[in-house]
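Asks: Residues per chain, in single letters:
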Amino acid sequence: MTVEAPAYTADELMAVAAARRLRDGTVCFVGIGLPSRAANLARATHAPNCVLIYESGAIGAKPRHLPLSIGDGELAETADAVVSVPEIFAYWLQGGWIDVGFLGAAQIDRHGNLNSTVIGDYDKPKVRLPGAGGAPEIASWCRETFVMLRQTPRTFVDRLDFLTTVGHRGGHGAAAGVTCVVTDLGVLEPAPGTGELRLTELYPDVTADDAREATGWELHVADDLKTVAPPSSEELEALRALVPANEETVAP
Amino acid sequence: MTVEAPAYTADELMAVAAARRLRDGTVCFVGIGLPSRAANLARATHAPNCVLIYESGAIGAKPRHLPLSIGDGELAETADAVVSVPEIFAYWLQGGWIDVGFLGAAQIDRHGNLNSTVIGDYDKPKVRLPGAGGAPEIASWCRETFVMLRQTPRTFVDRLDFLTTVGHRGGHGAAAGVTCVVTDLGVLEPAPGTGELRLTELYPDVTADDAREATGWELHVADDLKTVAPPSSEELEALRALVPANEETVAP
Amino acid sequence: MAEIVPLTEAVRELVRDGDVVALEGFTHLIPHAAGHELIRQQRRELTLVRMTPDVVYDQLIGMGCASKLIFSWGGNPGVGSLHRLRDAVEHDWPLPLALEEHSHAGMAAGYAAGAAKLPFGLVRGYEGTDLAERTRVGWVTCPFTGARVAAVPSIRPDVGIVHAQRADEAGNVQLWGISGVQKEVVLGSSRSIVTVEEIVPELEPRPDAVLLPAWTITAVSPAPGGAHPSYAHGYYDRDNAFYVAWDEISRDRDRFRDWMQRHVLATADVTEYRRLLAEWETSPV
Amino acid sequence: MAEIVPLTEAVRELVRDGDVVALEGFTHLIPHAAGHELIRQQRRELTLVRMTPDVVYDQLIGMGCASKLIFSWGGNPGVGSLHRLRDAVEHDWPLPLALEEHSHAGMAAGYAAGAAKLPFGLVRGYEGTDLAERTRVGWVTCPFTGARVAAVPSIRPDVGIVHAQRADEAGNVQLWGISGVQKEVVLGSSRSIVTVEEIVPELEPRPDAVLLPAWTITAVSPAPGGAHPSYAHGYYDRDNAFYVAWDEISRDRDRFRDWMQRHVLATADVTEYRRLLAEWETSPV
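Residue numbers (our numbering), protein chains in the order written: chain A, 1 to 252; chain B, 1001 to 1252; chain C, 2001 to 2285; chain D, 3001 to 3285.
Source of the hints: derived by calculation from the structure; they are not laboratory data.
There's no promise every hint is true.
[Said to hold, decoys possible] The calculated lysine-lysine pairs, modelled on DSBU-like cross-linking and capped at a C-alpha distance of 30 Å, are:
no.: 1; chain 1: A; residue 1: K62; chain 2: C; residue 2: K2117
no.: 2; chain 1: C; residue 1: K2068; chain 2: B; residue 2: K1126
no.: 3; chain 1: D; residue 1: K3117; chain 2: C; residue 2: K2117
no.: 4; chain 1: C; residue 1: K2068; chain 2: B; residue 2: K1124
no.: 5; chain 1: D; residue 1: K3068; chain 2: D; residue 2: K3117
no.: 6; chain 1: D; residue 1: K3117; chain 2: A; residue 2: K126
no.: 7; chain 1: A; residue 1: K124; chain 2: D; residue 2: K3068
no.: 8; chain 1: C; residue 1: K2117; chain 2: C; residue 2: K2068
no.: 9; chain 1: B; residue 1: K1062; chain 2: D; residue 2: K3117
Bound conformation, chain A alone (with noise of 0.2 Å):
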């Protein structure tokens, strides 16, 4: 990391530059921690018709501060519907009226795949992680999934330890699979042809070399490599009013 006292962190810089690309009315099932942060400040400012599905069962909920489980009562009061959960997955997520899933995840690999399931061996773990959740049918049944996470050589590898989820169906068709990474450093998007991720966009201050370090396969850079726009006041202020500066978050 290059970036030098900014006058936002990294995870407001990652909020931002996701929820950016979402447009106006877009269905999310979104998930807590960084997704719940750009989808919601989407909604507070240029998509105020965007509409946040949670896997508790909560659609078109509209919380005024966000939440820190997935099934916070100010989901359920400010929903449109509360619906059970075996419904959610089947009828809406797997029913595929979703048009963005967000996904976290401790391995990402060139393919967009992800693994939240174990550091190490399956069955000498490492490191236990929490598991698949959600994860696998959002990146099956979402027409685009938008990855969340952190950039190192630890989280960005060369092959995962364990696949949960299969992230690369191409980038294009009614289930796209992963179609955008945003990290702390920048957005990686699959490559047309072979779906590879590839560097596209980096944040101000931020050097395609300092992707490449932070990258644990050879990290391919797009021609047209764009540099993203800082936050601006208007949405550091949206961004704050819905998070305590302070707040703890792991995702999902």
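Dock chains B, C and D against the given chain A, drawing on the hints supplied.
Replies: Chains B, C and D in isolation, oriented as in the chain A frame:
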């Protein structure tokens, strides 16, 4: 029919005979017409805690008057809960929560199998009947099934034109199939061992020969043939408070 | 995202000859106004899907709109036969009608599978019946227990049509009371039309309500009274007398056609139909 | 038919060593009081089933009650790891813990299949993942389309345990807000215990409420505050600070055991536990 100038109709007698077989607290799956009449009569007399479930999704309905359709508004208004039709069939009926299901039919055979699909050939039907509805699963999944049907050689047949509903499940076990057939002459129940329906109860002033003549197979009669007590004035009063006397009922 | 459009326009734009169309509503909220509009616009060769065909399909079948019926119980509830359905099946009048029939449980599982975008649904049934030979049912084996379970095809109509009590101005729909398979048919169809009693500024939460967000619906069309002779819980009761009268009206081909000509073809919409019917009720035919 | 009995009695009568037990509640209405009672009564060799193991299973696992866990996401929501779960899996402490893990969608389908008494449920998933090799998943072929669909085993616990807002004196239960898989687990289990915030004379209908009739439940036990540190919509909020504090308490084996000894083993019931906790909150350890 040898019953002369009764103080009650055959329909009323059938409703009373079926109602008496319901213990208090029995969970019943009822259709429209005679079954609904019987179950509501039980609720109004000796079994106030009978639970009525309609296939429209009304659980614990407590209608003050008999509904004309299984989806009448009063069922939803007085129900403990209203669930969707897929749920009522999957979780509640197939789920095994029903004690007694009620069925009518156009034809029944000696095993309690039922036809509610066609008279004549399926492809060139003489009479096209309404079809299966909930009948096959009611007989499969309720602990017991009561059939209510007027007894004539046209309905009590040697051979069904079409087997819509398997009634014969031996009359015991978790889902016993048809355990009694309440007719306008008496009651038939499966014989131990063979499971063949035989006459076990007769209404007052009806003879076993009347029942034999009204049956398209050689009807066996139980050694300990009982006589059904005529409706009490309390039963008749309760029944008539539920059903206008001139009301048309066509099952289900 | 639902557009709020007149019913004539919704049917014109969204329902094509030859489509698989499901008009649902389990005894409650039956979309009669939409059925009438299909008849007025003379849709043909439809595959009609519905658990309980009822009067609405008797009319569509008698008017020659359908070539196939997928159903599980086809009667006039509490009254008896659907004479137009029977005439089509027994005498090919006005046209032959292919049947695919299920049990209620099978068809409900098919709708649930359709909403879940599964190719089939599961039901512990059909075994031992003659129905199994006469319908689309398959069998799968449980990989864990070896049990044989019936598979019913998922129901994924081209157009799903339901009636509801209310929508808001954004096109979100709320219905309550007996809710049948309405959610499943809207979520499982490629296109959908929801007719409503009224458009209101806000949908207040209520017990036992089903909410269908605007983004699951293609068109919302106001049709006050549009469930008649069925009912709309909280708005009007079931017209039981009409169901009984239908037995007589529909028994005879000519009388049926005259009635349809006068009440449906010669009326422009549900409001005119209801006005005419009010006259008829004071002086029955 | 539900009997209203104290929780100690319900657990004593209905939960046996070696049972398959599901304590459900998706972030909301988590039956902590019942979990504590299982710990006090020292149940052993349980197969614990739950989509999101959470703190309640961290406690049961750390106290040696479980030999197997069936789950889909095992973390401390919004905080991080479940240290006792990790210690059991990574270091067999206090006992080895067998895992059967699913995706949320797979497990939800398993619960729905359990409630429907089907031997398996269907989900379009698992394909291409390493999970498929590590869990109980099978494959069935659609008889109509030839598509391959994943089959997940039906979840049919010996005992299903949930927490709800209310019951009436007859034992009918009402819960509202986020309802998770509570209906499925009660309907799919051989025996069931529902702990409730309170017993009221009448259950008024409410939006988004789930009603479980008394005849689907084995025991109803009053346990006011019994979801803590989870919440009961309309009664009390989620104790987010406790979830954060749990990260510290549970990180160390001794500190965990001391905490459990003091707060669970040494308290008689949820009322004593809550009283002690209120003291702890004013002077944190």
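Asks: Is the Cα-Cα distance between A:K62 and C:K2117 30 Å or less?
Replies: 27 Å, holds
Asks: Measure nothing beyond the straight line between the CA atoms of C:K2117 and C:K2068; if it is 30 Å or shorter, mark the hint as holding.
Replies: 23 Å, holds
Asks: What's the verdict on C:K2068 and B:K1124, does the C-alpha distance respect the 30 Å limit or exceed it?
Replies: 16 Å, holds
Asks: Does the structure keep C:K2068 and B:K1126 at a Cα separation of 30 Å or less?
Replies: 20 Å, holds
Asks: If you draw a straight line from the CA of D:K3117 to the CA of C:K2117, is it 30 Å or shorter?
Replies: Holds, at roughly 21 Å.
Asks: Quickly compare the C-alpha distance for D:K3117 and A:K126 to 30 Å and report which way the hint goes.
Replies: Violated, because 39 Å separates the two Cα atoms, which is more than 30 Å.
Asks: B:K1062 and D:K3117 were given as a pair; does the straight-line alpha-carbon distance stay at or below 30 Å?
Replies: 27 Å, holds
Asks: Would you check the hint for D:K3068 and D:K3117, treating anything up to 30 Å between C-alpha atoms as holding?
Replies: 23 Å, holds
Asks: Checking one constraint from the list: CA of A:K124 to CA of D:K3068, max 30 Å. Satisfied?
Replies: 16 Å, holds
Consistency with the previously given hints fails for number 6 only.
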